[in-house]
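Each chain, written out:
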Amino acid sequence: MYALADCNNFFASCERVFRPDLNGKPVIVLSNNDGCAVARSNEAKALGIKMGDPYFKIRDIIDRNHVAVFSSNFALYGDMSRRVQEVLRTFAPSVEQYSIDESFLDLGGMEGIDFKAYAERISRQCWKSTSIPVSVGIAPTKTLAKIASKLCKKYPRLNGGCYMHRPQDIEKVLRSFPVADVWGIGRRSAKKLDQMGIRTAWDYVSIPETSVRKLFAMPGFRTWKELKGIPSIEFEDMIEPRQSICVSRSFAHEITSLPELAEQVANFAEGTVVKLRGQGSLAQELVVFAMTNRFKEGAPQASGGICVPLADATAEHRTIISAAVDATRRLYRQGLGYKKAGVVITRLVQADGHTYSLFEDKDAAEREARLSEAIDSINRSFGRGSILLGLQGDGHIRMSREHQSPHYTTLWEDIPGVKVK
Amino acid sequence: MQPHPVTDAESLEFSFMGEVKAGFPSPAEDVRERLDLTHLLVRHSASTFFFRIDGVSMVDADMDEGDIIIVDRAIEPYNGCKAVCFIDGEYTVKRVEIGPAGAVLLPCNEKNTRYRPIPVGPDDDFLVWGVVTFIIKKA
Numbered sequence: 001m002y003a004l005a006d007c008n009n010f011f012a013s014c015e016r017v018f019r020p021d022l023n024g025k026p027v028i029v030l031s032n033n034d035g036c037a038v039a040r041s042n043e044a045k046a047l048g049i050k051m052g053d054p055y056f057k058i059r060d061i062i063d064r065n066h067v068a069v070f071s072s073n074f075a076l077y078g079d080m081s082r083r084v085q086e087v088l089r090t091f092a093p094s095v096e097q098y099s100i101d102e103s104f105l106d107l108g109g110m111e112g113i114d115f116k117a118y119a120e121r122i123s124r125q126c127w128k129s130t131s132i133p134v135s136v137g138i139a140p141t142k143t144l145a146k147i148a149s150k151l152c153k154k155y156p157r158l159n160g161g162c163y164m165h166r167p168q169d170i171e172k173v174l175r176s177f178p179v180a181d182v183w184g185i186g187r188r189s190a191k192k193l194d195q196m197g198i199r200t201a202w203d204y205v206s207i208p209e210t211s212v213r214k215l216f217a218m219p220g221f222r223t224w225k226e227l228k229g230i231p232s233i234e235f236e237d238m239i240e241p242r243q244s245i246c247v248s249r250s251f252a253h254e255i256t257s258l259p260e261l262a263e264q265v266a267n268f269a270e271g272t273v274v275k276l277r278g279q280g281s282l283a284q285e286l287v288v289f290a291m292t293n294r295f296k297e298g299a300p301q302a303s304g305g306i307c308v309p310l311a312d313a314t315a316e317h318r319t320i321i322s323a324a325v326d327a328t329r330r331l332y333r334q335g336l337g338y339k340k341a342g343v344v345i346t347r348l349v350q351a352d353g354h355t356y357s358l359f360e361d362k363d364a365a366e367r368e369a370r371l372s373e374a375i376d377s378i379n380r381s382f383g384r385g386s387i388l389l390g391l392q393g394d395g396h397i398r399m400s401r402e403h404q405s406p407h408y409t410t411l412w413e414d415i416p417g418v419k420v421k
Numbered sequence: 422m423q424p425h426p427v428t429d430a431e432s433l434e435f436s437f438m439g440e441v442k443a444g445f446p447s448p449a450e451d452v453r454e455r456l457d458l459t460h461l462l463v464r465h466s467a468s469t470f471f472f473r474i475d476g477v478s479m480v481d482a483d484m485d486e487g488d489i490i491i492v493d494r495a496i497e498p499y500n501g502c503k504a505v506c507f508i509d510g511e512y513t514v515k516r517v518e519i520g521p522a523g524a525v526l527l528p529c530n531e532k533n534t535r536y537r538p539i540p541v542g543p544d545d546d547f548l549v550w551g552v553v554t555f556i557i558k559k560a
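Top line first, the protein sequences correspond to chains Z and W.
Note that our numbering has the first sequence beginning at 1, numbered continuously upward.
Note that our numbering has the second sequence beginning at 422, numbered continuously upward.
Simulated from the structure, these hints should not be mistaken for lab results.
Predicted model only: the values in this text are computed from it and were never measured.
Hints are not guaranteed to be accurate.
Said to hold, decoys possible - With the Cβ distance kept under 10 Å, some of the chain Z side facing chain W (calculated, not the full set):
no., residue
1, Val17
2, Arg83
3, Val84
4, Gln85
5, Val418
Claimed, not checked - Calculated cross-link-like contacts (lysine to any residue; reagent style SDA-like; alpha-carbon spacing at most 25 Å):
no., chain 1, residue 1, chain 2, residue 2
6, Z, Lys50, Z, Asn293
7, Z, Lys150, Z, Trp183
8, W, Lys558, Z, Pro416
9, Z, Lys419, W, Phe471
10, Z, Lys275, Z, Arg294
11, Z, Lys191, Z, His165
12, Z, Lys128, W, Phe507
13, Z, Lys25, W, Val505
14, Z, Lys25, W, Asp509
15, Z, Lys128, W, Lys559
16, Z, Lys419, W, Leu462
17, Z, Lys419, W, Val541
18, Z, Lys153, W, Lys558
19, Z, Lys128, Z, Arg82
20, Z, Lys116, Z, Arg59
21, Z, Lys128, W, Gly476
22, Z, Lys419, W, Glu454
23, Z, Lys419, W, Ala495
24, W, Lys559, Z, Thr410
25, Z, Lys419, W, Val525
Glycine residues also receive a C-beta, built at the ideal position from the N, C-alpha and C atoms.
Hey, can you work out the whole structure from these sequences and the hints?
As structure tokens, this is what we get:
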């Protein structure tokens, strides 16, 4: 058996932890730079606010309904996620954190216990300890557990815990579950399935095995088996290094000059290097992209990226940052107002076990490696940003975070105050 | 952990670690443990939060402005405990009395009559936010 524990409207719920007055009231959280809605409480969803709605487009609804608006506070969300994880670890020997707000629990070997009661207990304990509402679905496969957890959100009478295991129950649920919402069914497959007239998860499992294999290859077949109750997706309590790393942001104000844009991109590139070095990988390719404000009518629009192969797989600050700045120079066009940009590094390989190319200048490579290690160690001791490459500027373009809540749990200056009465 | 064979090179390195002194080795050299206040003050790290006492208290309590209190949400409120409660849009420390009729929030000082007892109903699960476990004071 597997459990999926999914935090309900996670960022919005985090904002309520220290603001119980917001329980039952509409709450939304905005993306970096207060761009668009990235989390909504149930009350905000009921008002028609959609995921990804740009802030300025929903201002009216917000004002009329007194929606509480927050800028992203990742220090708070990260700490609350850690707390939920800790609670979950007391319920299963191995826990796989799938995302900041979702974790799988391997309940293998616990057969015989009352799983329905167990699911409710996990949910109750998460709420009690952290005041984050969590939906827990338990089922024979990870894919079915995900569906079970979604049922908790739909039916409050389940008390946050759903156990789905009898074939007739699974069939009943799959018959009304949209196939496009099944974990592992991508947007492209969903479109293809729709054209084939396959709408529900049950329609999908009714496709003969040979056709599934032919039409949707291995991943589609795995999902098909999982829906049939055959565990086919491995449990990963060891985190795999990521295959690509992206750092991007929208700007508070449009950027029109090349130096300004290049400085931003240099900082994004530095962000990718930090993550790259953190997981011990080397990058072989880099993409810089930038786009204008597509909501600004009448303004000239552009959106595009430039892909740069890196001569040798690298994790060095200077190489990656200057490649990103060079790409920006090629990408930049005068007369445009850039609203968003980013850097993606791809084709990552593990640093140990990498074979260096024949043409590489070994001495130069070693000098670069030493420089990068020195930068790492200074930033570790004095905080990130203590040492910057000239290209990064001094970061005078700050993100807008007008509605950010205090760092209640991660900064002593920000811990909540309480009166004695 | 796997047993690690000690090679000649390593044992050589080991003998040069630290200052080479003749005579009796310091008995403290291998002691690496030290007391960690977190172990004492935080029993459940998932459910423990910190609050700062705000404003000069009108009541005679053992908490003063600027003190930091440690609050554990996982502890069930017990009779006589102090708890951080959320009342009228602000956090307040109250004393919890559990009687036959259920829980009641009382002022921190028994003799204080300025604040009336507040009964905790079944739907008020956010009223009691967490139980106070420690008070950190500056001497």
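Each hint, compared with the structure:
1. Val17: At 9 Å from the nearest chain W Cβ, Z:Val17 passes the 10 Å test, so the hint holds.
2. Arg83: Nearest chain W Cβ about 4 Å off; hint holds.
3. Val84: holds, 8 Å
4. Gln85: holds, 8 Å
5. Val418: holds, 4 Å
6. Z:Lys50 <-> Z:Asn293: holds, 20 Å
7. Z:Lys150 <-> Z:Trp183: holds, 11 Å
8. W:Lys558 <-> Z:Pro416: Measuring from Cα to Cα gives roughly 17 Å; hence the hint holds.
9. Z:Lys419 <-> W:Phe471: holds, 14 Å
10. Z:Lys275 <-> Z:Arg294: With a Cα-Cα distance of about 30 Å, the restraint between Z:Lys275 and Z:Arg294 is violated, given a limit of 25 Å.
11. Z:Lys191 <-> Z:His165: violated, 29 Å
12. Z:Lys128 <-> W:Phe507: holds, 15 Å
13. Z:Lys25 <-> W:Val505: holds, 22 Å
14. Z:Lys25 <-> W:Asp509: Roughly 16 Å separates the two Cα atoms, so the pair holds.
15. Z:Lys128 <-> W:Lys559: Cα-Cα ~31 Å, so violated.
16. Z:Lys419 <-> W:Leu462: holds, 21 Å
17. Z:Lys419 <-> W:Val541: holds, 19 Å
18. Z:Lys153 <-> W:Lys558: violated, 44 Å
19. Z:Lys128 <-> Z:Arg82: Between Z:Lys128 and Z:Arg82 the Cα gap is close to 15 Å, so the pair holds against 25 Å.
20. Z:Lys116 <-> Z:Arg59: violated, 42 Å
21. Z:Lys128 <-> W:Gly476: Between Z:Lys128 and W:Gly476 the Cα gap is close to 28 Å, so the pair fails against 25 Å, i.e. violated.
22. Z:Lys419 <-> W:Glu454: Status violated; Cα separation ~38 Å.
23. Z:Lys419 <-> W:Ala495: Satisfied, since the Cα-Cα distance of roughly 22 Å is no more than 25 Å.
24. W:Lys559 <-> Z:Thr410: holds, 21 Å
25. Z:Lys419 <-> W:Val525: Given that 25 Å is the threshold and the Cα spacing comes to 18 Å, the pair holds.
When each numbered hint is compared with the structure, violations occur for hints 10, 11, 15, 18, 20, 21 and 22.
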